[in-house]
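Chains as they are written, first to last, in my numbering: chain A, 1 to 321; chain L, 1001 to 1321; chain W, 2001 to 2321; chain H, 3001 to 3321; chain R, 4001 to 4321; chain Y, 5001 to 5321.
A few of these clues could be false.
With a Cα cut of at most 27 Å, we get these calculated BS3-like pairs of lysine-lysine [what the hints assert, rightly or not]: (1) W:K2109 / A:K109; (2) R:K4003 / H:K3003; (3) R:K4157 / R:K4117; (4) H:K3002 / R:K4130.
Some chain L residues judged to face chain A by a derived CB distance under 10 Å, without partners named [unchecked claim]: (5) N1019; (6) L1033; (7) D1191; (8) E1274; (9) L1276; (10) G1292; (11) G1295; (12) E1298; (13) G1299.
I should point out that these hints are in silico values taken from the structure, not numbers from a laboratory. Positions of the beta carbon are idealized from the N, C-alpha and C atoms, including for glycine.
Spelled out from the first residue to the last, the chains are:
There are 6 protein chains.
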Amino acid sequence: MKKVDVVTFGETMVLFQSNQKVPLEYVHQFDKLIGGAESNVSIGLQRLGHSVGWFSKLGNDPFGRFILQFVRGEGVDTSACLFTDDASTGIFFKEKRSFDNTNVYYYRKNSAASLLKPSDLNEEYIANAKVLHLTGITPALSESCSETVFKAIEIAKRNDVLIVFDPNLRLKLWEEHQARSVFNQLAEKADVILPGLDEGEFMTGETTPEAIATTLIGNAKKTVIIKLGSKGSYYQTMDGDGYVPGFQVDNVVDPVGAGDGFAAGIISGILENEPLRKIVRRANAIGAMVVGVDGDVEGLPRQEEIEQFMNRDHGHRDVNR
Amino acid sequence: MKKVDVVTFGETMVLFQSNQKVPLEYVHQFDKLIGGAESNVSIGLQRLGHSVGWFSKLGNDPFGRFILQFVRGEGVDTSACLFTDDASTGIFFKEKRSFDNTNVYYYRKNSAASLLKPSDLNEEYIANAKVLHLTGITPALSESCSETVFKAIEIAKRNDVLIVFDPNLRLKLWEEHQARSVFNQLAEKADVILPGLDEGEFMTGETTPEAIATTLIGNAKKTVIIKLGSKGSYYQTMDGDGYVPGFQVDNVVDPVGAGDGFAAGIISGILENEPLRKIVRRANAIGAMVVGVDGDVEGLPRQEEIEQFMNRDHGHRDVNR
Amino acid sequence: MKKVDVVTFGETMVLFQSNQKVPLEYVHQFDKLIGGAESNVSIGLQRLGHSVGWFSKLGNDPFGRFILQFVRGEGVDTSACLFTDDASTGIFFKEKRSFDNTNVYYYRKNSAASLLKPSDLNEEYIANAKVLHLTGITPALSESCSETVFKAIEIAKRNDVLIVFDPNLRLKLWEEHQARSVFNQLAEKADVILPGLDEGEFMTGETTPEAIATTLIGNAKKTVIIKLGSKGSYYQTMDGDGYVPGFQVDNVVDPVGAGDGFAAGIISGILENEPLRKIVRRANAIGAMVVGVDGDVEGLPRQEEIEQFMNRDHGHRDVNR
Amino acid sequence: MKKVDVVTFGETMVLFQSNQKVPLEYVHQFDKLIGGAESNVSIGLQRLGHSVGWFSKLGNDPFGRFILQFVRGEGVDTSACLFTDDASTGIFFKEKRSFDNTNVYYYRKNSAASLLKPSDLNEEYIANAKVLHLTGITPALSESCSETVFKAIEIAKRNDVLIVFDPNLRLKLWEEHQARSVFNQLAEKADVILPGLDEGEFMTGETTPEAIATTLIGNAKKTVIIKLGSKGSYYQTMDGDGYVPGFQVDNVVDPVGAGDGFAAGIISGILENEPLRKIVRRANAIGAMVVGVDGDVEGLPRQEEIEQFMNRDHGHRDVNR
Amino acid sequence: MKKVDVVTFGETMVLFQSNQKVPLEYVHQFDKLIGGAESNVSIGLQRLGHSVGWFSKLGNDPFGRFILQFVRGEGVDTSACLFTDDASTGIFFKEKRSFDNTNVYYYRKNSAASLLKPSDLNEEYIANAKVLHLTGITPALSESCSETVFKAIEIAKRNDVLIVFDPNLRLKLWEEHQARSVFNQLAEKADVILPGLDEGEFMTGETTPEAIATTLIGNAKKTVIIKLGSKGSYYQTMDGDGYVPGFQVDNVVDPVGAGDGFAAGIISGILENEPLRKIVRRANAIGAMVVGVDGDVEGLPRQEEIEQFMNRDHGHRDVNR
Amino acid sequence: MKKVDVVTFGETMVLFQSNQKVPLEYVHQFDKLIGGAESNVSIGLQRLGHSVGWFSKLGNDPFGRFILQFVRGEGVDTSACLFTDDASTGIFFKEKRSFDNTNVYYYRKNSAASLLKPSDLNEEYIANAKVLHLTGITPALSESCSETVFKAIEIAKRNDVLIVFDPNLRLKLWEEHQARSVFNQLAEKADVILPGLDEGEFMTGETTPEAIATTLIGNAKKTVIIKLGSKGSYYQTMDGDGYVPGFQVDNVVDPVGAGDGFAAGIISGILENEPLRKIVRRANAIGAMVVGVDGDVEGLPRQEEIEQFMNRDHGHRDVNR
């Protein structure tokens, strides 16, 4: 198995959606895409020039093959991916309406990914990495998935692999109290925590970025970076804290995936040993770039595109002929 | 024939449109939908939990069958629908351009629905209802359609069925003076009148909501509710009057059908004996919800969706995962 | 609840498919349809002019609503349909390849329909019918579904409702020995059995139509009609037997749904008290007509279309202008 | 107005169709094309290198503009086209099913083209041509259309313009006895008559090509060429007669338009003074080429393509890389 | 060859694009359109009622035929178009992303149009016109194209044909210094110059509209009109100068083609001898109308549409039923 | 760079096509796929379980990225791929018509791949492989491409890598005499030659499989396998020869790619040391399977699918539920 700098794992599903803003019962034609926080992060990192591995357990069916082809096609190492005949690849449907929230409909219960178990982990693969990226989705999928996450953490700890935890709260998957308890256990073991403001409040009961971060850090040597949407981000370490303003987006095409792009930006900066404030600023830029493009991963930028974006006059629009 | 609480009738046509904003000569592919003010109202009412019947005369052709299937599929009682071999089902095309008005192109002259005649009415069906809903489109379709509307009013009057009249002015279908004369006759016989501000001005020559309503009510025990677009509505009865502000819509996807959703909201409130101000507020909400979804009927809300909408923070957008 | 002449129940799912003949991993766009043997039969019967009710337990989600709208739109009585928040509506994907079998991929495990249970049955609804139609799919869905089928049979027996059983073997849903055992129990209780040749062989171990039918009938007053594909059908009762040749189909567009059209034809003939040979011939015609149209239900014919088809010169093709 | 070698006129409509073989009520998306026998012939002739003018009366609406753009885009002279605000452009829908005939649904009653009247004719335009092409559709559209056809014939006769008549029987447009009477009047005045076998039988009561032709010719100096479908054609003049075998078509994609391609081939041959047998053979080839391509005009060949087609090995299929 | 009032020539290519805002590697389906500044102008002028001829050298391939059909279909005289077997018709792809500029990808190197050469010009065709329209794209295509432009200017000069020059800077096609040098040569020979503000700055080094115009005019009897985007335009002649405000556009659908519509408006006004200020105002209106419609030419208005647009209340949106 | 068992290289382009059988000028929507003989072979081999590397020089543009993503997504090693800013990725369009050959329209002149040059070769990558696969397309692309092919052969020879040559004659790319001369040079150096019958005749002037093979083999220790379309294949070595019948295909969906699947089958068999007759039979099966699926690579089978196909009853069609 190839050595990679970042390892991440978790469920990636096939996503079916339409551009029409109507309830799904009235949609006649669906486009097939993929969706998964961890694979989004892996693709984001690959596009920024890092070696990164993502794995999951996929169904031995066309949708599992599609996910593998897509992620592998992006240049992410998928050699640790597993296939099973015992369950189907999870899928979901996205419904876009303007008068209320976007809804998602999952067909992921007992999916192939939910069968991931501790013995599926390749210790060496994780041990060789510099960063292990985890989300709060995986422990919600099944008991064995939860055990797998904690086993991975144990391996990472034993091998001095930095642990980055992005909560990604999904209330359709588990009970609030369970989610809160597991999130706090994960936060305690993580070196870097990347909650949104809502998630920070959910975990700590605090309502300001400062208080959330202080609670999450406690006495540990941790970095907490809190996403504040269009307003940017707040970071805190034992050495200091600060707000980093966001980039203005004229036209939000699709907000999903911004957090994953942000995570990729943070991890990339860490790997490149950049100063934290600069890291956060670039992560903000990536998040802003992702929301301007349809799809979760299609808008993840390459390095030179980020620089263009950060330097440009955002009010100006031109055709590059 | 089933007993229903609301009866409405009128022409529903097959609608062909594209999402592209170009003149129709440049559109290569058209989607097939249905369009009809009265069937919109009937679907709106069914979705709010009422028993409602809609009928028309349809061509004995695939488009007539499609309309029947669609409206019946929504749970509206269509047992009073008639089919004819003597004419085709009416159809129309919608052209979306941003620099001027949306245009519609009708193929409805001498359509099946224009053959509706007084003897097509089932007296018992109307007599058993609590509300008869009528629009100003039907009398414009043909002489026999006009007679049918007045015959239906006569039946309703005789059986203490409340008459709700929504003008729906269509100047492509008849001469102004004809329309004005018929509208005023209908308004005189109606118990509830639901004009837009333009329509009220067209009917009365007055320009303020108050004066329009006063003129339309005269000395009669009527309710007039005037739609003011994004500003909300104005209502007047002999007992009092008032303005009810509208709900803000961030993103108008398709304005057509808002008035029909409004009418459904009013009739629903009447059936539930709600106070008028509350009725109008909910009708405003439904109108605002419809414009945020493509299509005339796709966005008509269910009861619980209206409550969510009325209570929510309109600036906040989230994915419900 | 409305009285209907035929009652049928079972899982109808949303079907996603594409016209492209490629493995599903390469399909980018999917069309949404519905698929379900029992609803196919109910639509077939409705189109032939009979009153028929179909029900299932549907998820309280857009796909459940779509199924209800579609079947109700066709004029089938759906008043006995149930909705649940405890499970999702089942869905499936069809993969068309020419070098081997068409594959289907199900997302139906623990679906809403699998939650159907004996207490969901409305005894009066079945008791008022003349025919109860059952397939061998329903008992495969879950233990409670199996119990529901046997409970329905008990109600039918008690009320002299004719039982028509169409095996519809689905080996992806259960073990062979289980399927065989349940099929034979159902066949024993049924008045009319409609196996394909393969299914007959699967149930009895016999290989000829005659021997299969003789085994299935035993000493009982039953009718067995065996579908022989393009060759037509074989029927046997205690009073006699015979082969009825099939109709030639120039161009098989989609073979799925032919058996359901056949079943609708048989039940229709029984309700109209036609002689068995004539019933089977018409059922053969319906089967042949269905395979010439895309989709399971789109090609189900109306009475006058069957007559045209049976009388016409099959080599002749013309544009009816 | 430009001088052209061939003049033809008649109604061209916008055609909506789908590739799916399902009844139209189940089609969700329609493609927009054009359809019209006379414009087909004009495009066929233009592609063969002749100067040709087509005209009609079109609605002053997007569909009228689309027809004009399409036909003019093909290089046909459309300077004689007329537009009216008094009626809409005719449209029609095509329904493809395999178990019976293709059906068409017209919205052409009182269409713009039906308003064509004798005074719309530009005498000089016809007088300057060598050939006037007419079909039996135009006189069926309205009384004034019929008069226009006979007026055009009169102009042609007076100016020694050759008259080619292609019956194109459309029984949805008029009564059989009317059609027969008008067809025979047109045939009497025409120099070249191009019936299909059915049409020839309809006009004369005769059943063999020979007898049909003999009846139509009578004592006049006429050419009759009877289309026999895949079997080819039969021609008869006062100087002799003969059968010309057709070209085998492996894969009939769309049979409509073959007759129009045939007519274009005949007229082209006449303009080039080719021997009749050679003319008919080439016309057969064009008809065979048209049925192998979707659409009425898309498959009309250029001269060099006809030669390739007539010379090639029809069993052989290759990619021309 | 027909006499036309305006002659323009230059490369028109087939354009492939999608509505999805994703990088092209993720686009699965492309629509086929055409794109070309000079043909846009010619279509704009034709729609305003002028006789106009456009020509190019096209590949003798389906894409060349498509361009010819499209432009000819619009009623532009294409009789001077040339076809070649020596090169393919140029094509290009448009990529829409919201976080940076729209990108275009050309396949036009050594295209058919780049083979245009001075001897391809029909002197009489240009000499008979009143206006010759030229863009700065053509001289960038090849040496022979550049020579052709200067030859055309020579013909125009000799025959008192007014020369209108619209720079249309395309930096992907040539070096900056080359472009600047050629643009200034063309500006010197032109009677009317239509730069955007950027282009004016590129050509002169000046940064204000006034200074740019003054530099470009020098001592000559020229008109310079500078496009200022949504702010409108600035014009200067030896007789005076002025700013003409633009029209507000609520919803920019597609900005490409606005400059070509503007040029068509200017030329149209010149042909109609309107006062300059009025000419510019109408040209501003056309530019504003074009950006509200998808596509380069689909939104080019007819005369009556411009008047409606200029007179209407821009905040008001209605369905014209 | 990874070690792989098979190395192949050559131009893969983006392919645009539509399912409609009309000339390209009438196609409005195009699907994006990829096409390239060598990448087809590499994907075929990967699917059969072999480690295989493919490379080309791609444009640094969205189409180059798409090709990389697609081929890499399939699990082929693409680490030797090169990108250039000096040229665009080649693209082509496929036109399907039934009355003559499928046409392709290339935009590949001076494409990125044509810039491949000997110094681009990684000697170790080839030296480590067991098989080098080459086609006769690459030397036709440019002088430097031709040199690269011969350099690769030299490396292979020096390192005992087996050379498999598949002619793939493309007469649009070069002159006949050039192609013949280069093909014969390549054949002389190759260990295995895989011509079609036409190609064998083109190279040798002989017309029978036996004579062609004998000529190509001469005195060398070579294997020649000649593809005979649906009739199967003929093989000859110094040790013997034979015909291996093909598999019947009921429904040819898309013939392109069959030869590449055949080549993958041959190379796979060689790597597995199977007897030649068995190798050829399996290659025949793969070719037959590919033509039954849309697209060049979508139908390339996995090992277990080949076995199913070779063992199954080809007249039988079933839905695998």
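Cross-check of the supplied hints:
For the proposed pair W:K2109 and A:K109, the alpha carbon gap of about 9 Å is at most 27 Å, so the pair holds. Under the criterion of a C-alpha separation no larger than 27 Å, the hint pairing R:K4003 with H:K3003 is consistent with the structure, at around 16 Å. About 19 Å separates the Cα atoms of R:K4157 and R:K4117, which keeps this hinted pair within 27 Å; it holds. For the suggested pair H:K3002 and R:K4130, the alpha carbons sit about 22 Å apart, so the restraint of at most 27 Å is met.
Given the 10 Å rule on beta carbons, the hint for L:N1019 holds: about 8 Å separates it from the nearest Cβ of chain A. Against a cut-off of 10 Å between C-beta atoms, the interface hint on L:L1033 holds, since the closest Cβ of chain A lies about 9 Å away. Hint on L:D1191 is violated. Least Cβ distance to chain A is approximately 31 Å, over the 10 Å limit. The interface hint given for L:E1274 is violated, since its Cβ lies 22 Å from the closest Cβ of chain A, which is over the 10 Å cut-off.
Nearest Cβ of chain A to the Cβ of L:L1276: about 24 Å, over the 10 Å cut. The hint is violated. Restraint check, L:G1292 versus chain A: the minimum CB separation of about 4 Å is within 10 Å; hint holds. The criterion of a C-beta within 10 Å of any C-beta in chain A is met by L:G1295, whose closest approach is roughly 6 Å, and the hint holds. Proximity of L:E1298 to chain A holds as hinted, the smallest CB-CB distance being about 4 Å (cut-off 10 Å).
Of the supplied interface hints, the one on L:G1299 holds, with its beta-carbon coming within about 7 Å of a beta-carbon of chain A, less than 10 Å.
Hint compliance for this structure: hints 7, 8, 9 are broken, all remaining hints hold.
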